[in-house]
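Kindly generate the complete structure, drawing on both the sequences and the hints.
Listed here are the chains, written in short residue letters.
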Amino acid sequence: MNFDHQETKLDFVKHRKKFFLFSATLLTLGIILLSTIGLNLGIDFSSGTTIDVLADETVTEQEVIDEFVSIGLTPDDVILAGDNNDVGRASFIGVLGQQDVLEAQRHFEDVYGNTPTVSSVTPIVGEELARNALISVLIATVGIIIYVSIRFEFWYGVAAIIALFHDALFILAFFSIIQMEINIPFIAAVLTIIGYSINDTIVTFDRIRENMKLEKRVKDFEDVARVVNKSLVQTLARSINTVLTVVFAAGALLIFGGEGIRTFSLALVVGLVAGTYSSLFIAAQLWLVFKSRQLKRAKFKSKQLQESEV
Amino acid sequence: MNKKRGVKKWRIVVFFAIVAALAGLIATNVMDHADDIKLGLDLQGGFEVLYEVNTIEENQEIDRELLTDTVSAINARIDVLGVSEPNVRIEGDDRIRVQLAGVTDQQAARELLSTEARLSFRDVNDNVMLDGSDLVEGGARQSFHQDTNRPIVTVTVRDANLFGEVTREIMNMPDNRMAIWLDYDEEDSFDEEMMKEDSKIISAPTVSEVLRTTDIMITGDFTIEEAQDLAGILNAGALPVELEEIYSNSVGASLGERAMDLAITAGFIGIALIFAYMLLYYRFMGIIAVITLSVYIYFVLVVFNWMNAVLTLPGIAALILGVGMAVDANIITYERIKDELRSGKSTMSAFKAGSRRSLSTILDANITTILAAGVLFYFGNSAVQGFAIMLITSILVSFITAVFGARLLLGLWVNSRILNKKPKLFGVKESEISEL
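Same order as they appear, the protein sequences are chains A and B. Heads up: the first sequence runs through residues -13 to 296, numbered per the numbering used here. Heads up: the second sequence runs through residues 3 to 438, numbered per the numbering used here.
FYI, nobody ran anything at the bench for these hints, they're computed from the structure. A couple of the hints might just be wrong.
Unchecked claim - Under the rule of at most 25 Å between Cα atoms (straight-line distance), these lysine to aspartate or glutamate pairs were calculated in the DMTMM-like manner:
id, chain 1, residue 1, chain 2, residue 2
1, B, 347, A, 196
2, A, 199, B, 366
3, A, 282, A, 209
To be verified - Here are some of the chain B residues that sit facing chain A, going by a computed Cβ distance under 8 Å:
id, residue
4, 68
5, 70
6, 94
7, 279
8, 281
9, 320
10, 326
11, 327
12, 337
13, 371
14, 384
Note that the Cβ used here is the ideal one computed from N, Cα and C, for glycine as well.
Pasting the structure below:
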């Protein structure tokens, strides 16, 4: 793969309005879905019931699930406890009706000879964590804008943050569409996507900054557009190679990592691809729009200045 | 460059010596480090205690607010234990389930959790002289007795005159001992408690003079750890309720029985794919990437163990991002070098220019991400913090290995001049090179 910016016909800038439109539609749809259907919240974020089943011998998760299914209940999660894995803890989202609870107690008394303990759980911890993650990310974006404003320019920072929120919102919208159940690990996946998004965006911005310095004169939209496209083409091989390698890692987790982390690894794979998309098609183009507006305003001002001097 | 200079073979010898040394280091103890890693609740399970919440005062009511306060107090204590990412959950109306991973001394952990941490100073007739409200919040610390050098706990009283008053009163009593109680209950008495082995009275010093001081030294029969823990829970604050242990149990991995095995297998496959791709795409430089990435993974393990951190799924997420950024640093540098080669530069100057130019890119990208991770660490809690600490660690390690390590190793080859005029080894075709 070698992309020569002089010969290539790749134009990332010309179709920017289509990219903006595409992302805007997708995200609007996402927001609508999030506010109507919402996310499929797992046991970490919902009130529920747990039933501890004490067996006389070692049990497996599947055995516990099967026993529940036989009385018409499907646990949302089962973990094993006890020194010999002789306790199965089944969690149900939502509060179980008295009928179901009695049924379960009777059934497990017959099977294992022990009455299971039933208790209700509240999602305070999961909710706290989600809120805490959101607040921390918001504070982090302020930090990013400040740093990028110092090292680059203010508008680079703004574009990078918009790309970051684009990616975070994208992954939430995606999970709202597929309605896969999300738990605490999902938060970690979103944080990873945000980290990747910012890293990826800064690398392309770095090339734009460098090429802007090399340009002798940058006066209008066309000049900036040329620099942006050139930079994107120059960094294309790097962008593709980097996302491929991280997708190798996340994809391996998705395929071979087992059921327990499926949501987590799927979120990673989708989010990493979205992160690359936003760096290539959204972030730099947004900056181009901001920068050319700034140039226009500067030109307008200097014109005014000249006129008033006359 | 017209002057034809000879190949400096010694540099290549140095390269192989470094690689052999690293390989030896990794081969001899990577498994020890991998085995030492403590795994979190989600990957390996831990132990759990279910508590019933009982009120201390009569007019207290167990409501959601009181339960939430209790959970915060428990969380503050778990910090004293140094356990990361615990799971504390409210169940039903009056129960709290605490799950901890990576705790070696379960008994000590349970004691630390359920102590109410109500400190009181009483005379031998159990009349309270001073209690927690007279102490400065967060004023407890572990130190050593100046004469005996034994570990002690120092607490700070708000008012030196008050303590002077108390000591004078006790001094004038027939039995001039002052009992320092932890979690005194109505039915407890001094004489009974002094006979017990596991007494609630930490110490009962004899008061023979008036002490007009704000610092009270408690010289119990402590080990250093016990003294540190006591100071820690006193600072973490008293529990607003009494916790009664219903049962304790070991608990399995919340992500499923085989979560860790599967994740490790998947990790190996992912890394193998990355290595194969780097070798295929970057040829000779790919070999350097494989070496530096292996060293990177090894050092992350070492640093992680050294910090005594607990690995959880969020930590693994950060590690993947870290691997991605380490690979990215390699890719950025190599793409730059290829660019320079294509522009017609010699191998040596392409290496020099490529490394220099890629540095600022990598630096800015890494600093921005570290900054974000730093904020997450500072403001975040449990899982968010676990993610952040792992991310910061891996970025720092990746910077050292992927930037300095790769430069050193590749530099040895490039500067040996053996690679001169061999652009193919860098994955650059002759036809792509433009004349200068």
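Hints versus structure:
1. B:347 to A:196: Holds, at roughly 20 Å.
2. A:199 to B:366: 17 Å, holds
3. A:282 to A:209: 12 Å, holds
4. 68: Nearest chain A Cβ about 13 Å off; hint violated.
5. 70: With Cβ-Cβ at 7 Å, under 8 Å, it holds.
6. 94: 5 Å, holds
7. 279: Nearest chain A Cβ about 6 Å off; hint holds.
8. 281: 12 Å, violated
9. 320: 7 Å, holds
10. 326: Check passed: Cβ of residue 326 (chain B) comes within 4 Å of chain A, closer than 8 Å.
11. 327: Holds. Min distance 6 Å.
12. 337: 5 Å, holds
13. 371: 5 Å, holds
14. 384: For residue 384 (chain B), the interface hint holds, since the closest Cβ of chain A sits about 6 Å away, which is under 8 Å.
In this structure, the earlier hints numbered 4 and 8 are contradicted, and the remaining ones agree with it.
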